[in-house]
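Chemist: So you can see what is in the structure, the chains are spelled out below.
2 protein chains.
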Amino acid sequence: MDSATTAALAHADGFDVFPLSFKYGQRHAVELVAAQRVAAQLGLRAPAVAELDLRAFGGSALTSDTAVPKDRVEAAGSTEIPVTYVPARNTIFLSFALAYAEVLGAYDIFIGANALDYSGYPDCRPDYLEAFEQMANLATRAGRERPGSIRIHAPLVTLTKAQVVQRGLALGVDFGLTRSCYDPSPEGEACGHCDACTFRLKGFREVGLTDPAPYAER
Amino acid sequence: MDSATTAALAHADGFDVFPLSFKYGQRHAVELVAAQRVAAQLGLRAPAVAELDLRAFGGSALTSDTAVPKDRVEAAGSTEIPVTYVPARNTIFLSFALAYAEVLGAYDIFIGANALDYSGYPDCRPDYLEAFEQMANLATRAGRERPGSIRIHAPLVTLTKAQVVQRGLALGVDFGLTRSCYDPSPEGEACGHCDACTFRLKGFREVGLTDPAPYAER
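Taken in order, these protein sequences are the chains called A and B.
Quick note: this note's numbering has the first sequence finishing at residue 389, numbered continuously throughout.
Quick note: this note's numbering has the second sequence finishing at residue 389, numbered continuously throughout.
Everything labelled a hint here was simulated from the structure, so no lab data went into it.
Where is the CB? At the ideal position from N, CA and C, for every residue including glycine.
Check the hints yourself; a few may be wrong.
Unchecked claim - Chain A residues, not near chain B, derived (Cβ > 12 Å throughout):
1. Val201
2. Asp298
3. Pro326
4. Ala333
5. Leu372
What the hints assert, rightly or not - Per the computed footprint, the stretches of chain A lying under chain B, defined by three or more beta-carbons under 8 Å from a beta-carbon of chain B, are:
6. 209-223
7. 268-280
8. 307-319
What the hints assert, rightly or not - Partner residues aside, some chain A positions facing chain B, computed with beta carbon under 8 Å:
9. Phe228
10. Thr262
11. Ile263
12. Gly283
13. Ala286
14. Pro293
15. Tyr299
16. Ala302
17. Phe303
18. Glu377
Could you build the full structure based on these sequences and the hints that come with them?
Modeler: In structure tokens:
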């Protein structure tokens, strides 16, 4: 829901969107299929898919056989980093996006990072994203030639999930096509109990709506 | 030669070295075989190999069918960025190393970046490496818990190639096992004419030695 809303926002702001998906050894490919459907529904190009293998390093419940935790009471507002944290994941994703941007001749990179209703991941916070942007301008031909021209946009970074729902709906995002669950069924049904489902369901509840995505249980 | 000398330096300084190689869609796998031989000769672990596909983005002579330029007179001291520059390559490599470090519980990342006898790549310069280090400390659990604890070490960054040769030899590096060429033969012979060969051969010449690596022509 964060990526879809971010793509819709960039599109509405007049950016020519080149979606980028990642096949990174996650437990399921449900989100890759969802990304294609979302892009089609928003009238965007089909996503490019970058392949990389993070399973070689292990270290996360999202890329190994460690169980995804369910119904964590301490999820919201926690400062503890949970086992679903994938080491340096956003840094790797943003680095690929930076390479893709440089090849395209693009200067603007959008990411749906969300620092409020998140799980305590260090690489979703504004100070991290600003540091990445500074580094990106020193790393690239474009940034060297036009200092400060590479911009990392995280338009949802200070929004609650409820606000993401409202923003997305206003832009015509079909949340029934989006998937957030860390541990979906092979058929693509959300589990309803992992941190991602918990935050998402709470967001819809707070605005008095029912999440149109399929759940095994909720 | 830069990576091998850097690994030898880290080892000599008492670090427990976990070598990391990249299979990134480069035109040849010669450097992957060389990395294994170098690690064995230095008494280090076999390198972990991270796989990623940069060919999907194109944009460089090192990952596409664009010809590698030969005998460039403007190579040394040029401010122009040549076609062998792979967009955001060191950023992607360092991001993978950061993920690997976080999984290992390591804080020190070594890279053989070299800002003097290089080809004008933006992501080899000290200010870039410092910006990456700052970002890395905000990106990770380790950096959040112990601010400034993640260190990016680039011990060759201000050395000439001649100094790299001397440093490596003093540490027992067998440069006959190392490969630098951008466009080697299938048998692993260096071309002798690309920027990497030009800088390397000049480095050996300046210290009055013959490069022990195999060349098709020099």
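Chemist: A separate judgement is required for each hint: does it hold in the structure or not?
Modeler: A quick look at each hint next to the structure:
Once the 12 Å rule is applied to beta carbons, valine 201 (chain A) is consistent with being away from chain B; the minimum gap is 21 Å. Its closest Cβ contact with chain B, about 6 Å, brings aspartate 298 (chain A) to no more than 12 Å, contrary to its assignment away from the interface. For proline 326 (chain A), the non-interface assignment is confirmed: its Cβ lies about 20 Å from the closest Cβ of chain B, beyond the 12 Å cut-off. At roughly 27 Å from the closest C-beta of chain B, the C-beta of alanine 333 (chain A) stays outside 12 Å, upholding its exclusion from the interface.
Non-interface status of leucine 372 (chain A) relative to chain B is upheld: no Cβ of that chain comes within 12 Å, the nearest being about 27 Å off. With 5 residues having a Cβ less than 8 Å from any Cβ of chain B, the segment 209-223 of chain A passes the three-residue criterion, so the hint holds. With 5 residues having a beta carbon nearer than 8 Å to a beta carbon of chain B, the segment 268-280 of chain A meets the requirement of three or more and the stated coverage holds. By the rule of at least three residues with a Cβ nearer than 8 Å to a Cβ of chain B, the coverage given for the segment 307-319 of chain A holds, with 7 such residues.
Interface restraint check: phenylalanine 228 (chain A) against chain B, minimum CB-CB distance 5 Å, threshold 8 Å, status holds. Evaluation of the threonine 262 (chain A) hint against chain B yields a held restraint, the C-beta minimum of about 5 Å falling below 8 Å. Hint status for isoleucine 263 (chain A) relative to chain B: holds, with the closest Cβ pair at about 4 Å, below 8 Å. The interface hint given for glycine 283 (chain A) is violated, since its Cβ lies 17 Å from the closest Cβ of chain B, which is over the 8 Å cut-off.
With its C-beta approaching chain B no nearer than about 12 Å, alanine 286 (chain A) sits outside the 8 Å limit, and its interface hint is violated. A cut of 8 Å between beta carbons decides the hint on proline 293 (chain A): the least distance to chain B is about 5 Å, and the hint holds. Of the supplied interface hints, the one on tyrosine 299 (chain A) holds, with its beta-carbon coming within about 4 Å of a beta-carbon of chain B, less than 8 Å. At a threshold of 8 Å, the smallest CB-CB gap from alanine 302 (chain A) to chain B is about 4 Å, leaving the interface hint in force.
Hint status for phenylalanine 303 (chain A) relative to chain B: holds, with the closest Cβ pair at about 5 Å, below 8 Å. Taking 8 Å as the C-beta cut-off, the interface hint given for glutamate 377 (chain A) is violated, the closest approach to chain B being about 28 Å.
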